[in-house]
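A.B. asks: Next come the chains, spelled out residue by residue.
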Amino acid sequence: MGIATKDLWVYYDDFAALKSISISIDSKAITALIGPSGCGKSTFLRTLNRMNDSIDGVTVQGDVLINGSNIYGEEINTIALRKTVGMVFQRPNPFPMSIIDNITWALKFHGVKRRRDREEIAAESLKRVGLWDEVSHRLKDPAFALSGGQQQRLCIARAIALQPEIILMDEPTSALDPVAARVVEELLISLKEDYTVILVSHNMEQAARVSDYTAFFLMGELIEHSPTDQLFANPKDNRTEDYITGRFG
Amino acid sequence: MMQQLHKGHLGRDSSPGAQGEHKQDKRMLAATIQDRAFKHISLLAALAVLALVVVIVYQLTTNAWEAISRYRLGFVLSSVWDPVFHDYGALPFVFGTVVSSLLALLIAVPLSLGVAIFLSEIATAKLRRPIIFLVEVLASIPSVIYGLWGIFVLVPLVRQSQPFFQRWFGFLPIFQGPPFGYSLLAAAIILAIMIIPTITSLSRDALAAVPNHQREASYALGASHWETIKNVVLPYNKSGIIAAVMLGLGRALGETMAVTMVIGNMPQISASLFMPAQTMASLIANEFGEAVSPLHVSALMEIGLLLFLVTLLINVLAKFLTTRTKHKGVQK
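Protein chains in written order, with the numbering used here: chain A, 15 to 263; chain B, 17 to 348.
Just so you know, the hints here were simulated from the structure itself, not pulled from any lab data. Mixed in with the good hints, there may be bad ones.
[To be verified] Facing chain B, according to a computed beta carbon distance under 10 Å, are these residues of chain A, among others:
no.	residue
1	L95
2	V102
3	P110
4	R223
[What the hints assert, rightly or not] On the chain B side, residues computed to face chain A include the following (Cβ under 10 Å):
no.	residue
5	A239
6	S240
7	T272
8	M273
Predicted model, so just to flag it, every value in this text is computed and none were measured. Every residue gets a Cβ at the ideal spot worked out from N, C-alpha and C, and that includes glycine.
Given only the sequences and the hints, what does the whole structure look like? Please build it.
C.D. replies: Here it is, written out as structure tokens:
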């Protein structure tokens with residue numbers, strides 16, 4: 015169970031963005047992916063729900079196993095995959111719909127037929143991300159009317175409404191102000207009770223604060239993957255130490 | 017090096033010498049005069065546009081005054097157009113203009129949106145460029161060429177297809193009447209072809225303006241390509257698409273040459289798509305050269321004024337629709 019990759023290579027045309035990544039990620043925990051810009055951490059994240067499929071010139075080699083099956087295998091249905099593996103992006107990206115429709119829309123094509131059921135799930139999800147009290151009286155308002163932090167929590171609610179097992183987060187707080195970022199961070203920590211969270215972070219303090227495991231990427235390679243306390247206190251690799259002490263990156 | 021540059025710069029700026037100050041003042045003065053002159057010239061250019069509109073409306077109104085004062089509202093409501101007996105009514109032409117343009121939209125909008133969606137959401141870069149080029153070529157063909165093609169290809173086609181429609185759908189009034197070929201339908205098809213490039217390229221721009229994070233959000237939820245286009249991409253920039261359609265409509269309303277060549281030019285209001293009709297623009301083009309009596313000229317001027325008002329109305333409506341949907345939809 016969970017996520018594992020074996021000898022994973024990802025190319026943009028001829029450029030190897032990921033070089034032979036083999037990693038096994040623990041379930042019901044937060045794993046932070048850190049590393050300097052262009053190190054491949056976002057590429058790795060996007061490999062896990064096949065978001066790179068739509069980009070021209072991307073080739074993926076090796077195995078990505080989610081719950082034991084290779085998601086780059088032939089019989090894989092990306093729609094089902096993305097229901098299991100949710101994603102939250104750097105910039106809050108709600109749809110140009112009402113707050114409630116932002117959540118119920120995807121439920122519709124994932125087979126929740128009855129409108130009442132969809133709205134119930136939406137309410138549950140909004141409660142789960144702590145947004146319910148703020149928006150319950152104006153569910154029909156456009157989602158763009160919300161603040162940036164609220165929009166990002168709406169996007170998280172939208173992802174968990176599909177009951178995924180895994181949530182991928184690509185720097186979810188980097189476009190938010192510090193207060194809103196803090197709220198989202200606390201939400202993240204609470205999410206690991208129910209979900210496997212993989213968090214790409216540019217912010218090492220954040221990685222240290224919220225994650226259970228940390229993986230350090232550098233120039234397309236996975237340098238180190240350890241429990242967070244251990245990686246920050248006692249890095250095994252010199253390059254990890256250089257990065258976390260701010261000598262480059 | 018940096019230090020030196022810095023020093024030199026400082027020295028020049030704060031030079032206490034009287035001559036330096038004098039030079040500075042002169043430059044300031046020149047710049048102020050330049051700025052002011054530029055401001056006035058550009059204002060003049062802007063006012064010229066306004067003046068043009070006012071002059072056109074004024075000229076049309078004064079020249080049409082004889083007809084306006086004689087027929088009043090009856091001009092718009094009457095459907096008789098008889099220069100011999102000096103009986104002028106605009107209704108058939110308003111009908112011809114509005115109906116042919118709306119029919120053209122009916123044909124052109126789905127096609128154009130299809131092409132725009134294909135270009136922006138589906139086509140690979142390799143395929144995109146030649147198709148965009150072809151659409152631009154379509155836009156650059158002179159309308160008289162469309163008219164010629166209409167006469168030699170489209171009109172015979174409409175004529176030949178009419179018996180078929182009449183045989184199977186003849187109970188519908190829109191398919192009745194003798195097979196002329198020159199008809200409202202032919203005009204609508206020609207117009208549709210002519211406005212497809214406008215609507216296509218403008219709505220493609222509108223789709224290209226949709227940020228990619230919207231598409232990604234949708235795919236990440238497991239939405240299909242089609243669900244993403246229909247529910248995320250298109251609604252995100254609804255106002256841009258409406259603007260594209262409205263601009264196409266504006267073009268269709270005013271198009272003269274090609275329509276005149278295929279519509280049959282008969283001032284009548286008929287339910288049938290296969291019957292000849294006439295538009296305001298084609299009427300003016302047809303009769304202006306032969307209009308001798310002042311009343312006839314005046315009536316044609318009033319037709320021109322009406323056409324102007326109809327297109328103005330469409331543009332105002334387009335502005336209203338786009339600003340209204342923008343506030344709801346687009347994220348800043």
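A.B. asks: If a hint holds in the structure, say so; if it doesn't, say that too.
C.D. replies: Here's how the hints hold up against the structure:
A least Cβ separation of about 8 Å between L95 of chain A and chain B falls short of the 10 Å threshold, and the interface hint therefore holds. Among the interface hints, the one on V102 of chain A holds; its C-beta lies about 8 Å from the nearest C-beta in chain B, closer than the 10 Å criterion. For P110 of chain A, the interface hint holds, the least distance from its beta-carbon to any beta-carbon of chain B being 4 Å, beneath 10 Å. Hint on R223 of chain A is violated. Least Cβ distance to chain B is approximately 25 Å, over the 10 Å limit.
The beta carbon of A239 of chain B is positioned within 10 Å of a beta carbon in chain A (closest approach about 7 Å), and the interface hint is therefore held. For S240 of chain B, the interface hint holds, the least distance from its beta-carbon to any beta-carbon of chain A being 7 Å, beneath 10 Å. Interface restraint check: T272 of chain B against chain A, minimum CB-CB distance 39 Å, threshold 10 Å, status violated. The closest approach between the C-beta of M273 of chain B and any C-beta of chain A is roughly 41 Å, which is over the 10 Å cut-off, so the hint fails.
Consistency note: the structure conflicts with the earlier hints numbered 4, 7 and 8.
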